[in-house]
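Please construct the entire structure, taking both the sequences and the accompanying hints into account.
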Amino acid sequence: MARAVTNQRKAINTAFAWAIGLLIFFPILWTILTSFKTEAEAIASPPYFLFFDWTLENYAVVQERSNYARYLWNSIVIAGGSTLLGVIIAVPAAWSMAFVPSKRTKDILMWMLSTKMLPAVGVLYPIYLIFIKMGLLDTKIGLVVVLMLINLPIIVWMLYTYFREIPGEILEAARIDGATLREEILYVLTPMAIPGIASTILLNVILAWNEAFWTLNLTAAKAGPLTAFIASYSSPEGLFYAKLSAASTMAIAPILILGWFSQKQLVRGLTFGAVK
Amino acid sequence: MGRITLDQVTKSFGSVQVIPPLDLTIEDGEFTVFVGPSGCGKSTLLRLIAGLEDISSGQIRIDKQDATHVPPAKRGLAMVFQSYALYPHMSVRKNIAFPLKMAQMDQAEIDRRVNGAAEVLNLTDYLDRRPGQLSGGQRQRVAIGRAIVREPAAFLFDEPLSNLDAALRVGMRLEISELHKRLKTTMIYVTHDQVEAMTMADRIVVLQAGVIEQVGSPLELYREPRNLFVAGFIGSPRMNFIEGPEAAKYDAHTIGIRPEHIAVAEGDGAWSGVVGVAEHLGSDTFFHIHETGLAETITVRADGEVGFNHGDRITLSPRTDMIHRFDASGLRIA
Amino acid sequence: MATKASRSAARLMMAPAVVLLLGWMLVPLIMTLIFSFKKYLPLRGGDLGWVGFDNYVRFVTSSAFWPAVQATLMIVGGVLAITVIFGVLLAMLLDQPMWGQGVVRILVIAPFFVMPTVSALVWKNMFMDPVNGVFAHLWKAFGAEPIQWLTQASLPSIIIIVAWQWLPFATLILLTAIQSLDGEQLEAAEMDGAPPLKRFWYIVLPHLGRAITVVVLIQTIFLLGIFAEIFVTTQGSFGTKTLTYLIFQRVLESQNVGLGSAGGVYAIILANIVAIFLMRIVGKNLDA
Numbered sequence: 002m003a004r005a006v007t008n009q010r011k012a013i014n015t016a017f018a019w020a021i022g023l024l025i026f027f028p029i030l031w032t033i034l035t036s037f038k039t040e041a042e043a044i045a046s047p048p049y050f051l052f053f054d055w056t057l058e059n060y061a062v063v064q065e066r067s068n069y070a071r072y073l074w075n076s077i078v079i080a081g082g083s084t085l086l087g088v089i090i091a092v093p094a095a096w097s098m099a100f101v102p103s104k105r106t107k108d109i110l111m112w113m114l115s116t117k118m119l120p121a122v123g124v125l126y127p128i129y130l131i132f133i134k135m136g137l138l139d140t141k142i143g144l145v146v147v148l149m150l151i152n153l154p155i156i157v158w159m160l161y162t163y164f165r166e167i168p169g170e171i172l173e174a175a176r177i178d179g180a181t182l183r184e185e186i187l188y189v190l191t192p193m194a195i196p197g198i199a200s201t202i203l204l205n206v207i208l209a210w211n212e213a214f215w216t217l218n219l220t221a222a223k224a225g226p227l228t229a230f231i232a233s234y235s236s237p238e239g240l241f242y243a244k245l246s247a248a249s250t251m252a253i254a255p256i257l258i259l260g261w262f263s264q265k266q267l268v269r270g271l272t273f274g275a276v277k
Numbered sequence: 143m144g145r146i147t148l149d150q151v152t153k154s155f156g157s158v159q160v161i162p163p164l165d166l167t168i169e170d171g172e173f174t175v176f177v178g179p180s181g182c183g184k185s186t187l188l189r190l191i192a193g194l195e196d197i198s199s200g201q202i203r204i205d206k207q208d209a210t211h212v213p214p215a216k217r218g219l220a221m222v223f224q225s226y227a228l229y230p231h232m233s234v235r236k237n238i239a240f241p242l243k244m245a246q247m248d249q250a251e252i253d254r255r256v257n258g259a260a261e262v263l264n265l266t267d268y269l270d271r272r273p274g275q276l277s278g279g280q281r282q283r284v285a286i287g288r289a290i291v292r293e294p295a296a297f298l299f300d301e302p303l304s305n306l307d308a309a310l311r312v313g314m315r316l317e318i319s320e321l322h323k324r325l326k327t328t329m330i331y332v333t334h335d336q337v338e339a340m341t342m343a344d345r346i347v348v349l350q351a352g353v354i355e356q357v358g359s360p361l362e363l364y365r366e367p368r369n370l371f372v373a374g375f376i377g378s379p380r381m382n383f384i385e386g387p388e389a390a391k392y393d394a395h396t397i398g399i400r401p402e403h404i405a406v407a408e409g410d411g412a413w414s415g416v417v418g419v420a421e422h423l424g425s426d427t428f429f430h431i432h433e434t435g436l437a438e439t440i441t442v443r444a445d446g447e448v449g450f451n452h453g454d455r456i457t458l459s460p461r462t463d464m465i466h467r468f469d470a471s472g473l474r475i476a
Numbered sequence: 137m138a139t140k141a142s143r144s145a146a147r148l149m150m151a152p153a154v155v156l157l158l159g160w161m162l163v164p165l166i167m168t169l170i171f172s173f174k175k176y177l178p179l180r181g182g183d184l185g186w187v188g189f190d191n192y193v194r195f196v197t198s199s200a201f202w203p204a205v206q207a208t209l210m211i212v213g214g215v216l217a218i219t220v221i222f223g224v225l226l227a228m229l230l231d232q233p234m235w236g237q238g239v240v241r242i243l244v245i246a247p248f249f250v251m252p253t254v255s256a257l258v259w260k261n262m263f264m265d266p267v268n269g270v271f272a273h274l275w276k277a278f279g280a281e282p283i284q285w286l287t288q289a290s291l292p293s294i295i296i297i298v299a300w301q302w303l304p305f306a307t308l309i310l311l312t313a314i315q316s317l318d319g320e321q322l323e324a325a326e327m328d329g330a331p332p333l334k335r336f337w338y339i340v341l342p343h344l345g346r347a348i349t350v351v352v353l354i355q356t357i358f359l360l361g362i363f364a365e366i367f368v369t370t371q372g373s374f375g376t377k378t379l380t381y382l383i384f385q386r387v388l389e390s391q392n393v394g395l396g397s398a399g400g401v402y403a404i405i406l407a408n409i410v411a412i413f414l415m416r417i418v419g420k421n422l423d424a
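Residue numbers (the working numbering), protein chains in the order written: chain S, 2 to 277; chain B, 143 to 476; chain C, 137 to 424.
These are calculated hints, taken from the structure and not from any lab test.
Among these hints, one or two may not hold up.
Okay, derived cross-link-like pairs now, DSSO-like style, lysine-lysine, Cα gap no bigger than 30 Å in a straight line [as the list claims (entries may be wrong)]: (1) S:LYS134 / C:LYS174; (2) B:LYS243 / B:LYS216; (3) C:LYS334 / S:LYS117; (4) B:LYS243 / C:LYS140.
Quick look at the structure:
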């Protein structure tokens, strides 16, 4: 099936693909490089590419001035909390749909997906109002709940597709072997589904980390995550390129690293299994 | 210790009744095989006995106790699945120990039983491997081991050999039969392969469309099939059926004659025909004979040394004492 | 296909997810519907009573409506065109044998993981700034007058930023689809005498049809709702006010909740029209 490809052909492919890859990656690379420049070097014309005096000063300044650590902590709590809460609620639901399907299972799944399609702006004010009334505005717990809800359909859906790959006979064997429902899920299903659960968590942490509608509209100084922290640079502070770059690099680095591990799950999670 | 009784059991999925009212008793220590074409309800019947499906009406008794509403784990049955259903994340040892752990047995007893089962099944060297590192036959043994350690009232097998290759299947068939001889525990075995049924069973239950067509020992079924379906299903190659004037001679609507009960020759005989395909198996030769005027093809099983070829005109002599007679509704005429 | 016991357990275990999502969907939706039929100005008198379809009519007849529809369509259409065309090309390139394929893939996918506020700000300040941006340097290097990107070419600028974010998504999905194409099919076509371009047109493209549809539908749903990119760049000025942004301004900035809610209902209807097509494809796949 596989055919030998000449090295010349391969070299052309390689050069071409790397050129395009680097072009697409360039804005990120440029941001990272700029974060190590002084402000003067950052706006020098013509710009410095690699040969400048590398400095970590910007990172120190960003950390000091804007309480970066607090925003980071908020992001971690909100992304992690909403994902974990979502998984805890979704695992039993996905188990039900995958292993005890009924005539309505498909309808329920489709309906869950449809809630994901609801445009956020259409329900902005009601949520805003509910948040004010319940004292949830600018709290981490409020955002944890909202982000959990907007990602719950994806979590259920992904877990469902992973669970469906586990043969039902194994769970039946466990049932005959005397496992209770709790033991069946805890000792047999969950360990077998660990890779699937891990990918689900990974993708949803990424989605929650980058969510930028609710996090911008429902938080202020106290519970704001990194999305809000960066948005505050749209004011004149953004003109300090090196500092903007340092702040940006810190905001995206954790997710870039996580993201590289989750390429495959990305396709599955975001197309709801419609592309394999 | 393992007598299973089904009393007027039915099963419906929605409005479709897959098992009409059915009565069956499986005696303690018996090796019973449910056999039938795919979709005949044999696996469903097994799952009803296991408790993996609810019965729609009727009663299931295990050792005289009503088990109809008892959950699967409490029925004292063990099951070996078609896919073996081994837990991929556990070692062989943990797989076999799992039901005992669920029963909260103490560790010393668990170890004793697991080691015992491993010895019986030649798995001692593989106890610390994962199922993924085992061959098909070894996985099969682990699944059986997991069933044995529970010392169940009965073993349920759901087409356990269908995922193995032909050579291994014959070996495992023997192992399961020997296991039954040694344990003397009730076994219920589901298969679509009539050879497995014939070679392993004490008693065969032939099913079609959820209905029991006949229950009996392998030889009873072979010698006195109760109707056309059983006659055609049991025995390989298949029994020849002849209708029309030839059947009328025997006062029947249809007559059946097994391929091994017809002799072929060049000289005189009751019937004649032309050899189509001759399948030489070495020990036997199967002749598929056309232009007999009786049926489209008559299959004959002859000795391996009989040397007819394609196109030869030959004569056929049925053993008249081996002719089975059936009436218009397909039932055997005694 | 299971016992009654497991079926009732299943229903119980599904309940939390179903109830939560039902509440999440119905409560705000009903509130939005109610507000949309009211004159409701929280800072200027609060609930001023029912007004029928007034808000719906006013939202559509306001001078900001049609420009917003136009801006929305331009952004969605522009981004879709760029991401699908370049996505197909890029996916085909990445499918070729080469050295360092894994690394190139990572480089191409990376923008998807950058949070929207970061990518919008980086593009706005470090690339599109008419004095110090990289583009300005580039233009000057060729002796051209730098472009005032976000004021003179505001829509194309936004489209570039958003397309950069979504190109990885399209590429990744199309690459997955290309890799599932049976190599023997292409070899058969080659034996049948089809040159490369025809093989692409008659074999590869039809194979990608479904994946392209999925990319278009999913991106449309997300693109209709883009917010952060506009929020941190133009704040809706210079003709970049999309429907989403217009509704946001009505609701939170001018606190005209009734009017904004009517706009929200329009947005919901619009999203649902796209969603129906997407759900059909997903649903078909569920049966398979």
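Hint-by-hint comparison with the structure:
Our distance criterion of 30 Å between C-alpha atoms is met by S:LYS134 and C:LYS174, whose separation comes to about 20 Å. Between B:LYS243 and B:LYS216, the direct Cα distance comes to roughly 15 Å. Compliance with the 30 Å bound is thereby established for this hinted pair. Under the criterion of a C-alpha separation no larger than 30 Å, the hint pairing C:LYS334 with S:LYS117 is inconsistent with the structure, at around 39 Å. As the CA atoms of B:LYS243 and C:LYS140 are separated by approximately 26 Å, the hinted pair is consistent with the 30 Å bound.
Consistency with the previously given hints fails for number 3 only.
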